[in-house]
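J.: Okay, here's what each chain looks like letter by letter:
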Amino acid sequence: AQSVTQLGSHVSVSEGALVLLRCNYSSSVPPYLFWYVQYPNQGLQLLLKYTSAATLVKGINGFEAEFKKSETSFHLTKPSAHMSDAAEYFCAVLYTGGFKTIFGAGTRLFVKA
Amino acid sequence: DAGVTQSPTHLIKTRGQHVTLRCSPISGHKSVSWYQQVLGQGPQFIFQYYEKEERGRGNFPDRFSARQFPNYSSELNVNALLLGDSALYLCASSLEGGHITGELFFGEGSRLTVL
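Read top to bottom, the protein sequences are chains C and D. Using the working numbering, the first residue of the first sequence is number 728, and each one after it goes up by one. Using the working numbering, the first residue of the second sequence is number 1175, and each one after it goes up by one.
Careful, some of the hints might be misleading.
What the hints assert, rightly or not - Some, not all, of what chain C presents toward chain D, calculated at C-beta under 7 angstroms:
hint : residue
1    : 806
2    : 826
3    : 827
4    : 831
5    : 832
6    : 833
7    : 837
What the hints assert, rightly or not - The list that follows gives simulated cross-link-like pairs (lysine to any residue, SDA-like), each with its CA atoms no further than 25 angstroms apart:
hint : chain 1 : residue 1 : chain 2 : residue 2
8    : C       : 839       : D       : 1214
9    : C       : 776       : C       : 738
10   : C       : 776       : D       : 1203
11   : C       : 776       : D       : 1191
12   : C       : 776       : D       : 1269
13   : D       : 1204      : C       : 742
14   : C       : 776       : D       : 1236
15   : C       : 839       : C       : 769
16   : D       : 1226      : C       : 826
17   : C       : 776       : D       : 1176
18   : C       : 785       : C       : 747
19   : C       : 785       : D       : 1226
20   : C       : 795       : C       : 778
21   : C       : 776       : C       : 791
22   : D       : 1204      : C       : 825
23   : C       : 776       : D       : 1215
Hint data in this document are derived by calculation from the structure and do not stem from the laboratory. In this text, a Cβ means the ideal position worked out from N, Cα and C, and glycines have one as well.
Let the hints inform the model, and build the full structure from the sequences given.
T.: Structure below.
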């Protein structure tokens, strides 16, 4: 079954520290991969997407993610966390020819001053 | 340009009632998808409509139905509400069916509470 797994429902980092949010997908065929962010009481906003053009994808707000086919992973990173990064982050996958985007359970990022 | 708009933003219903949620996509977008997000979980796919035709349906009971109008706006209907239907209902639009660019543009959601 097609699925997305996000390791860690909560991640806490200090301001200025590295942010690493993990995502693994289940598929033998590289799909479209996405990271979305959700701030409290808001809808989801696209951070970045992988569509096979490049394995390292840069997104908004200094975030980037690397597609690793051998590991079926698409982890999200940011070199230096900011207080404004505190939000819920969702990894998502859309399989080629498919119509529904499948979301992971989400990882809530806390940033400590 | 206006983003995806949803109405109402909040509503409270009692068990057994019916609810209609509305969504207007971004101008030029022909596809609308509906997702249910229960507190503490990721969005779960309910429906996708493209050019007024249903392209896909998630694992939801027949109490859930939807339609898309000629202006590409959409309604999600839920009959015989259960307590477990309490959630944030998200509407997302995309240019095509999403299978070309893949990107979804989300509204802020309709928060439904069933008492």
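J.: For residue 776/C and residue 791/C, compute the direct alpha-carbon distance and say whether it is at most 25 angstroms.
T.: holds, 9 angstroms
J.: Does residue 837/C hold up as a contact with chain D if the rule is Cβ-Cβ below 7 angstroms?
T.: violated, 15 angstroms
J.: CA of residue 776/C to CA of residue 1236/D, is that 25 angstroms or under?
T.: This hinted pair is violated, its Cα atoms lying about 33 angstroms apart.
J.: Is the hint on residue 806/C kept, meaning its closest Cβ partner in chain D is under 7 angstroms away?
T.: violated, 25 angstroms
J.: Run the distance test for residue 839/C versus residue 1214/D: straight-line Cα separation, threshold 25 angstroms.
T.: Holds, at about 21 angstroms.
J.: Would the pair residue 776/C and residue 1215/D pass a check requiring their Cα atoms to be no farther apart than 25 angstroms?
T.: holds, 21 angstroms
J.: Please verify whether residue 776/C and residue 1191/D have alpha carbons no more than 25 angstroms apart.
T.: violated, 39 angstroms
J.: Given the hinted pair residue 785/C and residue 1226/D, is their Cα-Cα distance within 25 angstroms?
T.: violated, 34 angstroms
J.: Go through the hint on residue 827/C and say holds or violated, using the shortest Cβ distance to chain D against 7 angstroms.
T.: holds, 4 angstroms
J.: Between residue 785/C and residue 747/C, does the CA-CA distance stay at or below 25 angstroms?
T.: holds, 14 angstroms
J.: What's the verdict on residue 839/C and residue 769/C, does the C-alpha distance respect the 25 angstroms limit or exceed it?
T.: Answer holds: residue 839/C to residue 769/C is near 22 angstroms, not above 25 angstroms.
J.: Tell me if the straight-line CA distance from residue 1204/D to residue 742/C falls inside 25 angstroms.
T.: Measuring from Cα to Cα gives roughly 41 angstroms; hence the hint is violated.
Violated hints for the displayed structure, listed by number in ascending order: 1, 7, 11, 13, 14 and 19.
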